[in-house]
Amino acid sequence: MAILVLLPLIGALLLAAATALTRAHVLRRFSAIATSAVVLAAGLGLSVAVLHGSPVTAGGLLRVDALSAFMLSVVGAVGLTATWGGLAARDVVPPDWTYSALICLFLGAMSLAVLADNLGVLWVAVEATTVATAFLVGHNRTRGSLEAAWKYVVLGSVGVAVAFLGLVLVYAASVAAGRPTLSWVALTSSHLALDPSLVKVAGALAVLGFATKAGLAPMHSWLPDAHSQAPAPVSGLMSGVLLSVAFYAILRIQAVVNPVLGTGLMRGLLVATGLLSLAVAAALIVRQRDLKRMLAYSSIEHMGLLALAAAVGGTVAIAAALLHVLGHGLAKSSLFVVSGRILVTEGTTQLARIRGLLVRHPAEAVPYLVGMAAMLGLPPFTLFFTEVAIMLAGFQHGLGWAMTLAAALMLILFAGLARPSIAMTFGAESSEPVAAASTARQGPRTPLALALGVTAVLGFTAGPLPTLLTRAATLLTGTK
Amino acid sequence: MSANLYDQLVGVSAGVLLMTSVLLVWRRSLVAAVRLLAIQGVALACLVAMIGIFDHDVQLVAVSVLVLALKGVALPLVLDRSLVRTGTLREETPLINTTASLLAVSALTMLAYLVSQPLRALRPGPTTAAVPVGICLVLFGFLLLSTRRHAISQLVGFLVLDNGIAAVAFLTSGGVPFVVELGASLDVLLVVLILRVFTARMTVKFGAADLDELKELRD
Amino acid sequence: MNASALVLATVQVITMIVLSPLLVGLMRQVRARLEGRAGSGILQPWRDLRKLFAKEPVQADGTSWVMSAGPVVLVASSLLVCVLVPLVGTATFPLIPDDLFVMVSVLLLGTVALALVGLDSGSAFGGMGSSRHMTIAALVEPTVLVSVYALSIPVGSSALSAIVKGRLEDPASVAAPVSLLALVALFVAVVAETGRMPVDNPSTHLELTMIHEAMILESSGRDLAWLELGSWIRLGALLGLVGSLLAPWGIASSMTVTTVFVGLVALVAKLIALGSALAAGEVFLAKIRLFRVPELLAGSFVLAFLAVAASYLVVGG
Amino acid sequence: MTLVQAGLAAEGATTFVAVTAAILVAPRYRARTAGAAIASIGLISAATGVSVLNGGEGSIRLPVALPTDPVMLAPDRLGGFFMVVVGLVCAVAAIYGISYVSGPATSRTSWSAMAVFVLALQLVPAAADVVSFLLFWELMALSSTALVLAEYKTRSSVRSSALWYAVMTQFSFVMILLGFATLAGAAQHTGFDAIAHVTPTSGAATFGFVLLVIGFASKAGIVPLHVWLPRAHPEAPSHVSAVMSAAMVKMGVYGALLVSLRLLPDGPRWWGLLLIALGAVSAVYGILQASVASDLKRMLAYSTSENVGLMFLALGTGLLLRSTGVSGASDASIVACLLLVAGHAAFKTTLFLGAGSILHATGERDLDRLGGLGTRMPVTSWTFALGALGAAALPVTSGFVAEWALLQSLIHGARTQDRLVAVVMPLSVAVVALTAGLALLAFVKAYGIAFLARPRGPGAAAARESGLAMRFALIISACSVVFLGLVPGPLAAAAANAAGLSGAGATRWWGISLDGVHALLDPVALMVLAICLAAAVAVVSIRAARRVPRRRVELTWGCGGVRVSPRMQYTATSYAEPLSRVFDDALRPERDIVVTHSGESSYLVERVQFRQRVGDVVETTLYRPAIQLIDRIGLAARGLQNGSINRYLGYSFAALLAVLVVVSL
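Chains as they are written, first to last, in our numbering: chain U, 36 to 515; chain X, 188 to 406; chain A, 294 to 610; chain W, 59 to 723.
Hints are supplied without guarantee of correctness; some may be wrong.
Here are the computed distance ranges between Cβ atoms for each label pair [as the list claims (entries may be wrong)]:
| id | chain 1 | residue 1 | chain 2 | residue 2 | range |
| --- | --- | --- | --- | --- | --- |
| 1 | X | A249 | U | V61 | 51 to 57 Å |
| 2 | W | P121 | U | D131 | 42 to 48 Å |
| 3 | U | G88 | X | V366 | 26 to 32 Å |
| 4 | A | V595 | W | R690 | 41 to 47 Å |
| 5 | X | Y300 | U | P479 | 31 to 37 Å |
| 6 | A | V595 | W | G525 | 50 to 56 Å |
| 7 | U | V492 | W | G525 | 35 to 41 Å |
| 8 | U | G88 | W | R690 | 56 to 62 Å |
| 9 | A | V595 | W | R671 | 30 to 36 Å |
| 10 | X | D399 | U | L56 | 36 to 42 Å |
| 11 | U | D131 | X | A291 | 28 to 34 Å |
| 12 | U | D131 | W | R690 | 25 to 31 Å |
| 13 | W | T167 | A | T502 | 54 to 60 Å |
| 14 | X | Y300 | U | L41 | 44 to 50 Å |
Here chain U is said to cover these stretches of chain X; the calculated rule only asks that three of the stretch's residues, wherever they fall, bring their Cβ under 8 Å from a Cβ of chain U [stated by the list, open to error]:
| id | region |
| --- | --- |
| 15 | 284-290 |
| 16 | 324-334 |
Hints were generated in silico from the structure; no laboratory data involved. Keep in mind the model is a prediction, meaning the values are calculated, not measured. Just so you know, even glycine gets a beta-carbon here, dropped at the ideal spot from N, CA and C.
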């Protein structure tokens, strides 16, 4: 079992190293996909293992419980969607080696983040993702990408540094409690008397820091720039999982803090940032001009919703949040992949200049529409169930007012997303003929079909998935 | 060494940390900023070393060497090199003028003391008494970051912030576990290197490392 | 009960067929005399009908079966109203409520037929008349319903016969302010519905002012005859209704030959009285502008509504 | 496995078949196979509904990936009633669609969407808990939006209509979600049975009720939430608009009934007043707009919001009277509400399908360009005429019976000392009467202008009768209008059964009797009487016709022998002109008249141009400003992300300081 835990890390490192050293075409093309496949396989394997047994540990610092296993699978699945979907067709030259290697490292870092039992290691991994993605964001070497990369690195690392301060204080608290540790299990174990006033500061700082990586307002500012400038698969990865990994960190912190302080502090922080994120997303999507920025803001919206779910707490809400992470990751990464293809065929991501897509490039319009429907939380897609469940749970846990506000903002967001989507896809404008080359250069369709199909049926799955989600949720909430 | 001397030394190095960071906010010359940063790194290293010696913690002494190498030597050098490459030696007017930022500094210091109250209450002692300095560094670093317009001075601000966190770590609990410490410093080093590369690219693209150039991406 | 209802129905239908042309003749005669003309005699409408039946109907291109079917429907609906409304007696079919709403909608069936005839003619005037006619009908309906509603409150039933009976048994209610208000309102509504002065001038020859005449402009021969007869019967029936509500005396509440005869006589008396009164009034009135008509109707509606409110104040203490 | 379970499962299976058929079958046969499958979905659900009404029970639990309360389908009687109505409508519409959809609408997507749409429509009334209700509700919204978009290639106006529709329907969804969430939060469970235990006087109940009413009202097209209706109905393919108007809108009514009868029975009396007010306003406003509209389908859409208004009014009256203690009349008015539902379903289906045939044959929706279709399209003409009779509530049609019942309950409801009722009832009577009168005008206009006299445009002149399936569907639905009018008894009994009331039933199995108000109506007898009289008249006239036959001439009277061209006929616009003048303030029509004088004298007029457009007052005064406001906010908000990294860091710094202050206080 331990090998399963180490597999994703080792696999990622090896593949990255191999790509960097040999720089072989095949590796440059496929190493990223292979890495995601490995991660996914490990995630699924571990999920099964966790379901049938106790948490799997390896080397003291790594420990896999239901939550980690689920998140690992999410990383793998979304990674597969993004990388495979981002795979350019044969006639294009494969990406250069740094690109592929860095993506491998990126995936490895995220896997480490969700596998780590030690909050310190978790932090290191999250910071490592910043390092790994810095050059990916700046990959296009345009003026814009450079600017985006700079903002991303500075804002990201500063925010994460704040989180580190929080962790330091947590450690201090544990030292004061007589058992110096950063291990999550140890910290959540009830017989560790942490000093409340210290934990209060620590928890607040940690959440604030990781919220930066999670793209929650008001620390979200790096997100639209980075997402719009990075290559489509990278944007997909960042929006699909990176944010969620940071959110995972927040969940872990919350699980440490709540037993000590009660739910008050975390709830306050999360509700505030969640509503603020929704508000920012709504305000900036209304008059949005760029497709990828629009998608980025929709990510902010969904992170805000997740924050609200975390604030609500309780098994149903947390389980819904986790499922939401998966659904959002799959759909959003598909959408970013499509946006990349639109950029290829249309030569722009400006909403005003994309028209009549359904007539001219159905292969792009159809997945776009399906993905957007999933984003908007329409049935049968997963997000419908999760959003409804979060709302209901919110009202049952006395956060009705926040949910009402959130619903109002999400209505505006619905309009803001639906308007450009309808405008760019529907319409008879088939003025310029379809470029023959462009159809050839569109990437594979299977990954998108798979991802969106999974999102569509996931809500209706009975059996192992609910159990896994419930266990993960109970891990965090402590309630049985 | 005696507890008294220990207290003295801790106080002195903490003072140096605070002094340097205030000067960093004050001065606008980038060269001076890098030098001050180096001094700060050294002071931090001394602090760590002293705590290590006082607690007879060999690992911590080793860490102090690492800190010295990284924060006292390596990073300032990196900055100095890129400073030479960009060629600009002075930060032109920051977003808020020096007086205002110095007032802000005092306010932030109060806040730092307020925040670190629980720590001091938890374990009274020379080290915890110096914790507010660490918080101050964090806040000053943030202040620098959000008011300075030059790439290098933002780097400086980031490093000050990092020093602050490190200081807090060592003062409160003699540093986080070694693995984490290692990973953290490695990350910081990488981040700085990356930012330096970007600075280089900027100077190539825009002819200067002026952050006002970075206003292309907007809604 | 059912048999007697059948008898009564036949009596009322036949009576109205016979009487209503005479009623119209009477009204014309009264007007003529008041205007200092000799007049053409009470029987003139019957002569007109005979003449029209003898003439061949002329129908323009583009017109359809509606031109010939509409008039029949109009007459049928008017006759059905005669069945439903208590004119001579109050006996009713148990399963066909002589219900206010039923009565009104049967009436409207005729209105619609007339309007369609107007539209089918395909000339500008037909459409104009039909449009005006429907507008007025639409605005009249609330008044009719609410006023009869007001009358129905003391009785506790919306069946016309029940209302009339109730008023017969309790003559005090006839003079009650409620019933007076309601009756005035109803009377205005009837005037508007049947296209008399001041809403419409039945004897105009200027197309642009026509309402009813404009609709039947294209009809001729027996079509025209039916249309005329239908609207006359409807006028008679409505006046009869007002009569039985205003002065329920003499109406046959039980079915014997004598009572029915008395009822007939009473009906004739009421019709003569009301008809001549209406005609006399028309002499002193000028047709008002079409767009002043809504004001008139709004006024009558207010009266009806006041009647309802007042009746509650009375009933509810 | 009970009958109901079997029925629900069968619906699901048939839907699957329909979708696969729509996707796999070759275009030539697609319409037939998919249409047939969808029609059978409707019939199955109607059968299921019947078995539910006969006391059948059974539930299906849906698998869900979240640890929520069970997500169940278990239709109760009320749901069963709606399943029957909606199912039949869908069946007829699907049959019609078989020969209606040619070109864009026969695509895979539209047929699959149609199948899903129909399924969702059947399952909304079957839902037994919040989640499943919302699930199928939203599925219904999604699929119908796809259907509204079906003809996007031919008209660009489709896009904006679809956007309006999507946003408004999402609005209603959000309101319903919040409302249900409030109630579920109070009940701590999502099952309807659990929610039914919430005390109606509690604040949560009030909040939930208001939100739910808003949500359902906007789906039902109640003014002022109706703006999507006159946009979406015209743009959708006609059989779809028939389903939307006759079935989907009813889901809003179902929701209102669900809330006020099953979930929160005997709430405070202002709930009833609220419903009455909403209903009255939208009844009058809707029919006013309908009578001045010249686009046929737009006019039908507005008349829908009139009819739904009447349903809300009936329901509200029921609640008000119940809370006053006049149980008989209240039962009668609730039954009347259900009668209106069924009646409207019948005639509105007929009318929309008829409009579809007209559109199909002439390519015109604008009444001002139609005319003379009566001779060219006899079947359509007759069926449309019957539908119009129903919509105008004339005897003896479904609409007539329903409005008769409503008025009976209104008039007898007032047998009480209660002052409030004493004021509300007569006002309601007046509203109903005015509505009926205006409806008469509107539908005389629609039928007369479209089918009588001479064609006003080339499209109408070239019209031909429509295809077999279309005629079949038309005849079926038209017959249902008359049937429900002649034999309302069973329907009334079913309605009373569905609402769990005793106030109404059948007499002599066909006639309707409202025991609550001691009122009987035997339409057959009325019909027989009418026919006898008409026959007598007809006989006379035929005998006269033997003696003097008809003569055809070519001219109509044009003030002295001018050649009368079809352009001289009254158009729909001119027909409604007096009315639009009378209600000038409520409608605010935009008229512009350009008079060009001939050169010499300003008294001689050379040409006169007249244009009149009646917009939607609610839209211009309520929605436009709101949209502009949000737009302006969005514009201003761009300043937040002005690209300066210092500012971004400032945001983070401010957040940090704020948090530090908060935690250290």
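A quick look at each hint next to the structure:
1. Checking the proposed 51 to 57 Å range against X:A249 and U:V61 shows it is violated: the Cβ atoms sit about 44 Å from each other.
2. Against the hinted window of 42 to 48 Å, the Cβ-Cβ separation of W:P121 and U:D131 comes to about 47 Å, which satisfies the hint.
3. The hint said 26 to 32 Å for the Cβ distance between U:G88 and X:V366, and at roughly 27 Å that hint holds.
4. The given range of 41 to 47 Å is respected by A:V595 and W:R690, whose C-beta atoms sit roughly 45 Å from each other.
5. A hinted range of 31 to 37 Å is violated for the C-beta pair X:Y300 and U:P479, which are about 59 Å apart.
6. In this structure, A:V595 and W:G525 meet the distance hint of 50 to 56 Å, their C-beta atoms being roughly 53 Å apart.
7. Taking the beta carbon of each, U:V492 and W:G525 are about 39 Å apart, inside 35 to 41 Å as hinted.
8. Judged by the Cβ atoms, the range 56 to 62 Å given for U:G88 and W:R690 holds: they are separated by roughly 58 Å.
9. The beta-carbon spacing between A:V595 and W:R671, approximately 33 Å, falls within the hinted interval of 30 to 36 Å.
10. In this structure the supplied range 36 to 42 Å holds for X:D399 paired with U:L56, their Cβ-Cβ distance being about 41 Å.
11. Taken as a hint, the range 28 to 34 Å is violated for the pair U:D131 and X:A291, whose Cβ atoms sit roughly 45 Å apart.
12. With their beta carbons about 46 Å apart, U:D131 and W:R690 fall outside the hinted range of 25 to 31 Å.
13. Taking 54 to 60 Å as the suggested C-beta distance range, the pair W:T167 and A:T502 conforms, at roughly 57 Å.
14. The beta-carbon spacing between X:Y300 and U:L41, approximately 46 Å, falls within the hinted interval of 44 to 50 Å.
15. Restraint check on the region 284-290 of chain X versus chain U: 0 residues with Cβ-Cβ distances below 8 Å, three needed, restraint violated.
16. Requiring three or more residues with a Cβ within less than 8 Å of a Cβ of chain U, the coverage given for the region 324-334 of chain X holds, as 3 such residues are present.
Violated hints, in rising order: 1, 5, 11, 12, 15; the structure is consistent with all others.
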